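K.L.:
Protein chains in written order, with this note's numbering: chain A, 1 to 462; chain B, 1001 to 1195.
Just so you know, these hints were derived from the structure itself, not from any lab. Certain hints may be false.
Stated by the list, open to error - Capping the alpha-carbon separation at 30 Å, the derived lysine-lysine pairs in DSSO-like fashion look like this:
#1 A:263 / A:306
#2 B:1063 / A:164
#3 B:1185 / A:8
#4 B:1195 / A:56
Note that the coordinates shown come from a computational prediction; the quantities given were computed from them, not determined experimentally.
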Amino acid sequence: MAKTIFDKVWDKHVVDSISNGPSVLYIDKHLIHEVTSPQAFSGLKKRNIKVFRPDKTIATADHNVPTINQHLPIKEALSRNQVETLTNNCKEHNINLFGLGHKYQGIVHVIGPELGITQPGMTIVCGDSHTSTHGAFGSIAFGIGTSEVEMVLSTQCILQYKPKKMLIKIDGELNDGVYSKDIILYIISKISASGGTGYFVEYSGSAIESLSMEARMTICNMSIEMGARGGIIAPDDVTFDYLRNKKFSPQGDKFKKAIGEWKRLRSDKDANYDKILNFDASDIEPMITYGTNPGMGIKVSDYIPKSSKNTSIESYNKSLDYMGLNPGESLLNKKIDYVFIGSCTNSRIEDLRIASNLIKGKKKADHVNAWVIPGSKSVEKVAIQEGIDKVFKNAGFEFRQPGCSACLAMNEDKIPKEKYCVSTSNRNFEGRQGPGARTFLASPATAAVSAINGFITDIRNN
Amino acid sequence: MEKFVKFDSSIMPLNIENIDTDQIIPARFLKSVTRDGFGDNLFRDWRYSNGKLIESFELNRIKNNSKILLAGRNFGCGSSREHAAWAIYDYGFRVVLSSFFADIFKNNALNNGLLVIQLDNVIINKIFEKVNNDFNSSFSVDLEKQCFKSLDGDIHEIFEINEYNKTCLLNGFDNIDYLLSQKEKILNFEKINDK
Ligand code: SF4
């Protein structure tokens, strides 16, 4: 029977199927971090068992770490305890930890790919919904809860129902000023924040194939924002070139052999999907969100709609109230207070290059606070080597140390109440970036240029 | 996991769509390394402003000791934080009713003995109406029979749940125990697939 790439990877990992129930799915790589793992380790202790396959588990500290003075002990007791608990658990169970100060530390979804831990054909899970990022390499990757983290720690398996399959095909050429963040915000605005629930999405088409690995990761990363469990893109030469000579990639002859296998990871021509959506790349323009879920997005040159077919009018108005915006309003030239360039969606070196190129020699507007948080120590290092940090600093941006930061505002990096922030992260939920914070999601290019002008800017008119 | 037993209860109505996990439990409350006490911060930023109760918010306004939370569509979207399910359970809810749930939340809830019941939008609206007319109207949840109904007989719905999940909930079975019992098969799988 013809199979999709998703079927191929899934079927290879089914250990057993419970009749009228879920499958026992084998996990190749388990990524853990300080926030969603401690209770899972406590569970193991209670059962008096050890981590089953510590060599398939990789840990980092990212969600709740400071982004300045990382060499000093963490000030806040609760956060310090959480990071120390991770360190102790990793020691006790022999797990490779890239903790604070380690040269590989960083946001879990940034380091997995850049170290070559993430590879085509794998099953990858992590107690974080944006695990979908890793699907850009042709792997099945999805976020799990802490009980599931405990399942994987104790048996390297998880109980999972096979999701339905959706194909999103984007053909054609992308317009100037359109980045992968715009593509995914565009798709979510079309199908809504719940339009992908129950599905695993495969992305294909010439517009997707034309993208770099970084850009593909941004797309897969936000699959969860349409409700999908994950996104997957068939690996190709771009993927193989990216993985060549990465720290944990297969090396030499093994790499050649791996490519042979990876090349088979494509959907068969007549494979079946439960749903197929086609988009035309030329219809996509720079995007921005105006509401409190990622589906509430418009072309930056458009007006805020009067209602949404995906939401009741009460919920819609509540959302605009929270944002302090009105239906029919344009966001262009809207004054902003903060710019956040970071998060697992857009903090890779390519993102920082794009943003820094647009602001070279310029100064940010006085009233704007602009933060750049590189996704990992490795990204930080390259940025410093290339002088990107200087470009940001000279423009008045703060160039900080790696972590999730204001993407979820667990540490001190919070956007104050009612302040507007153009953010390259993935969620504009109420209070996501701090209690009362108002988030506009956009590409790093839009964010950088808006920081310079002090208001929301269409980069095509810059 | 505690066994799920049949019960009668009033309903806490929260007629908001797309309630995401950041609303259910904001990230700044995720610093604990244990599973307890999250109920205190359930819907924190809707319940409190500057430490003061927001009287108009449903959980503060309606005092009906409900074990059933009724919410608008796409409940639990957003992050995978299981703390959201822990907070709802810890607060005292045993069932969440909605016309649509996010995937990861659904798994997390079921893994913690919190039953999610998905019903048609029309029915959900009818229940909202009924509850808003009388916050003390009583409903019964019978998982064995997969039946949700109002005690006055106005509403009588059979809901869907997978056999496996149902058995686990009813018996308080633990998925991890199940997986641990499958070790032989897992080892065998590793051997065959060179994992
Ligand atoms: S950057 Fe944000 S979305 Fe990504 S892993 Fe960290 S908290 Fe989650």
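K.L.:
State the violated hints by number, sorted upward, taking the hints as numbered earlier in the document.
P.N.:
1 and 2
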